[in-house]
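Asker: The chain contents come next:
Protein chains: 2
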Amino acid sequence: MKFIIAIDLGGTNLKIGLFDQSCNIRHRALLSTKSFRHKQGLILAIIDSIRRIIRDKKLKRQNIQGISLGLPGPIDVQKGIVHFFPNIPGWKDVKLKSILERRLGVPVYLDNDANLMALAEFCRGAARKTKNAVCLTLGTGVGAGIIIEGRLYRGSTFNAGEIGHIPINETGPKCNCGGKACLESYVGNTPILKAARQIFKRNVSLEEVSALARRKNWRAIKIWQDAGRRLGIVLSGVVNLLNPDVIVIGGGVASAGEVLFRKIRQTIAERAMPVQAKHVRVCAAELGSDAGLIGAALLAKEGL
Amino acid sequence: MKFIIAIDLGGTNLKIGLFDQSCNIRHRALLSTKSFRHKQGLILAIIDSIRRIIRDKKLKRQNIQGISLGLPGPIDVQKGIVHFFPNIPGWKDVKLKSILERRLGVPVYLDNDANLMALAEFCRGAARKTKNAVCLTLGTGVGAGIIIEGRLYRGSTFNAGEIGHIPINETGPKCNCGGKACLESYVGNTPILKAARQIFKRNVSLEEVSALARRKNWRAIKIWQDAGRRLGIVLSGVVNLLNPDVIVIGGGVASAGEVLFRKIRQTIAERAMPVQAKHVRVCAAELGSDAGLIGAALLAKEGL
Chain A
7 MKFIIAIDLG GTNLKIGLFD QSCNIRHRAL LSTKSFRHKQ GLILAIIDSI
57 RRIIRDKKLK RQNIQGISLG LPGPIDVQKG IVHFFPNIPG WKDVKLKSIL
107 ERRLGVPVYL DNDANLMALA EFCRGAARKT KNAVCLTLGT GVGAGIIIEG
157 RLYRGSTFNA GEIGHIPINE TGPKCNCGGK ACLESYVGNT PILKAARQIF
207 KRNVSLEEVS ALARRKNWRA IKIWQDAGRR LGIVLSGVVN LLNPDVIVIG
257 GGVASAGEVL FRKIRQTIAE RAMPVQAKHV RVCAAELGSD AGLIGAALLA
307 KEGL
Chain B
7 MKFIIAIDLG GTNLKIGLFD QSCNIRHRAL LSTKSFRHKQ GLILAIIDSI
57 RRIIRDKKLK RQNIQGISLG LPGPIDVQKG IVHFFPNIPG WKDVKLKSIL
107 ERRLGVPVYL DNDANLMALA EFCRGAARKT KNAVCLTLGT GVGAGIIIEG
157 RLYRGSTFNA GEIGHIPINE TGPKCNCGGK ACLESYVGNT PILKAARQIF
207 KRNVSLEEVS ALARRKNWRA IKIWQDAGRR LGIVLSGVVN LLNPDVIVIG
257 GGVASAGEVL FRKIRQTIAE RAMPVQAKHV RVCAAELGSD AGLIGAALLA
307 KEGL
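If you read the protein sequences in the order shown, they are chains A and B.
If you count the first sequence from 1, position 47 lands on 53 in our numbering, and the numbers rise without skipping.
If you count the second sequence from 1, position 167 lands on 173 in our numbering, and the numbers rise without skipping.
Isolated chain A, as found in the complex (with noise of 0.2 angstroms):
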């Protein structure tokens, strides 16, 4: 029996997932990486946990089919090399995979979590059953992973799916990658927060809008509908771009639910062509936060 250790890093937490050849879970755990300030201590924080789980699970080399990582920033997957984190300081064109496969004698495969998130839906989630699919996290960044005749599409440098930087205006707020009116300048984390801020006088979480919104709070309602009424004219452009057969929408700023989903398919009947817009199924992505650590088991699986 093979086994592949998958692992998925975010900017607070590294999960990291024992999966079976048939790629379901056997062994689940979790490290804070919030301590880790560095680069080094990271990376060896991510072999120690490796090693834990080889000798808890008293696994050998040879049943260890490989292991795969979703990393939070872009990476070129045939090379191995990490370029940058937007969220972790420190980390600059890291060859990560050959750092990985020379300490711990196993083939090592690292690709972004929106893809790999983009792979676990379609493969297993909402997304199953479908050609063309276009699978978006909404987090602090605004990321997708896009599924082009049934195989993931990365683009011709790995850097495809930045749907955040698709420019919503002409003319618009300066965004951290460098261009202006970027769609994750206005439904990102930070923006919305900051709208809600704004709004209601004080801080609020996400959480917090969810749940007024939930119980008819028009001021958080207006919140989430400016949100999903961007994103479906973003989409729209997708939408009449691509054609895909289904958007899967996931990350924690999906979590509003309902009244999020509802004005961004209502935004694309509007504004999309009329039959892409027929055609295309907007839905939650449905392997919640597990997405990732089955995304990247997949990729160990697949050896892509």
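Hint data in this document are derived by calculation from the structure and do not stem from the laboratory.
Pairs count within a copy or across copies, as identical chains cannot be separated in the list.
For lysine-lysine, the following DSS-like pairs were computed, each having C-alpha atoms within a straight-line distance of at most 25 angstroms:
1) K98 with K180
2) K186 with K284
3) K284 with K98
4) K98 with K45
5) K85 with K135
6) K180 with K284
7) K284 with K85
8) K101 with K284
Note that the structure is predicted; figures quoted are calculated from it, not measured.
We have chain A; now place chain B onto it with these hints.
Answerer: Here is chain B on its own, set in the frame of chain A:
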């Protein structure tokens, strides 16, 4: 020796070409389509022009590998149905493939002209030796064909590539497609000619605006720079989303040349994400007005 008969149907002309098996053109003819106000008349004209080339070139049925048509509207490639033509009235869900096959007794292939232009530029023109390409046609409409991992990508209902209907602002002029603030409403033939008429206080043609711009008329330069900036903004989003190797631009409006291309390139450099922007090449189509015919011939050859 087998031959392919390729047809490129436009709003004003029907081009017909006889191609050998290497997709080199051997003979061509042109027919005005303006006089065919009715669907039936146009179909008969297509059949007549095919029969004429068969007769003139003394071809036998068994020497014809296929007949292939590039058409100015949405096509169901699989079923061979023309959904409609935005600029030719009277066509609604016409089973053109089966009509022609019944009358002519050889395999018939249909696709829309933007897809075939992309196929031609990818196999023989400015996008050759790339894997991922977006090929724009700037004319009355703004369309595109998309090449993904070396294959023409048509979308789930064959309606991908509608780059002219990506919104460039949250709100703006109503578009024929039903949407709002679509790119095409700003940089199609009609809005550009309208802007020129307002600026020059008389009717001017696109050729004249281009000629004036070449002679450093700043008002004409401004027209092309505005168009280039807007194309560049939408293409920045496409570059961030698809991370292509190349963007190929052809069609009437593209003949404005460097004044337009320079602004497009500059805007992408400023607005798209650094890695994607640095990688992508923006260049003029190489096959000119033959792209549609060549693409049609390639379609029949590959039998897609």
